[in-house]
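Student: Sequence positions in the sequence shown follow the working numbering and run 6 to 79.
In short, the hints are calculated from the structure, not lab data.
Fair warning: there could be bad hints in the mix.
Stated by the list, open to error - Quick list of in silico lysine to any residue cross-link-like pairs, SDA-like style, CA-CA up to 25 Å:
1. Lys23 x Arg10
2. Lys32 x Glu13
3. Lys30 x Leu45
4. Lys68 x Gln22
5. Lys43 x Tyr75
To be verified - Okay, the calculated beta carbon distance ranges per label pair:
6. Pro76 x Ser37: 19 to 27 Å
7. Lys23 x Asn78: 26 to 34 Å
8. Lys43 x Glu16: 14 to 22 Å
9. Leu20 x Asn70: 17 to 25 Å
Backbone N, C-alpha and C define an ideal beta-carbon position, used for all residues, glycine too.
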Amino acid sequence: MNIDRLKEIREDRDLYQKDVAKILKIKQQQYSEYEIGKRLIPINYLSELADFYNVSIDYLLNKTNVRIPYPKNK
6 MNIDRLKEIR EDRDLYQKDV AKILKIKQQQ YSEYEIGKRL IPINYLSELA DFYNVSIDYL
66 LNKTNVRIPY PKNK
């Protein structure tokens with residue numbers, strides 16, 4: 006799975022892997038493996054990152070170039 010956007014969006018926000026790992030409550034090494042595609046990132050982490058970056062999961066997964074998140078269900 007190509008998830009280069011995880012690194013791209015993190016660097017755009019001037020964050021380090023350790024910063025994002027702290028948000029997800031995981032080790033930096035584990036997050037690094039998600040960024041390089043060595044491990045598949047669980048959907049719950051994708052959801053947390055999408056909320057944190059205010060983008061859609063599809064944007065993080067390179068399925069769209071539209072950054073705007075989907076509307077929340079009421």
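Student: Cβ-Cβ distance between Lys23 and Asn78: within 26 to 34 Å?
Tutor: holds, 33 Å
Student: Check the hint pairing Lys23 with Arg10 against an upper bound of 25 Å on the C-alpha distance.
Tutor: Judged against 25 Å, a Cα distance of about 17 Å means the pair holds.
Student: Verify the proposed pairing of Lys68 with Gln22, using a straight-line Cα cut of 25 Å.
Tutor: OK: Lys68 and Gln22 at ~23 Å, within 25 Å.
Student: So the hint says 14 to 22 Å: do the beta-carbon atoms of Lys43 and Glu16 match that?
Tutor: Holds: the Cβ-Cβ distance is about 19 Å, inside 14 to 22 Å.
Student: Is 19 to 27 Å right for how far apart the beta carbons of Pro76 and Ser37 are?
Tutor: violated, 33 Å
Student: Lys43 and Tyr75 were given as a pair; does the straight-line alpha-carbon distance stay at or below 25 Å?
Tutor: violated, 28 Å
Student: Holds or violated: Lys32 and Glu13, Cα atoms, limit 25 Å.
Tutor: The given pair, whose Cα atoms are some 19 Å apart, holds under the 25 Å limit.
Student: Need the status of pair Lys30, Leu45: alpha-carbon distance at most 25 Å?
Tutor: OK: Lys30 and Leu45 at ~17 Å, within 25 Å.
Student: Is it true that Leu20 and Asn70 lie within 17 to 25 Å of each other by Cβ?
Tutor: The hint (17 to 25 Å, Cβ to Cβ) holds, given that Leu20 and Asn70 are roughly 21 Å apart.
Against the hints set out earlier in the document, violations occur for numbers 5, 6.
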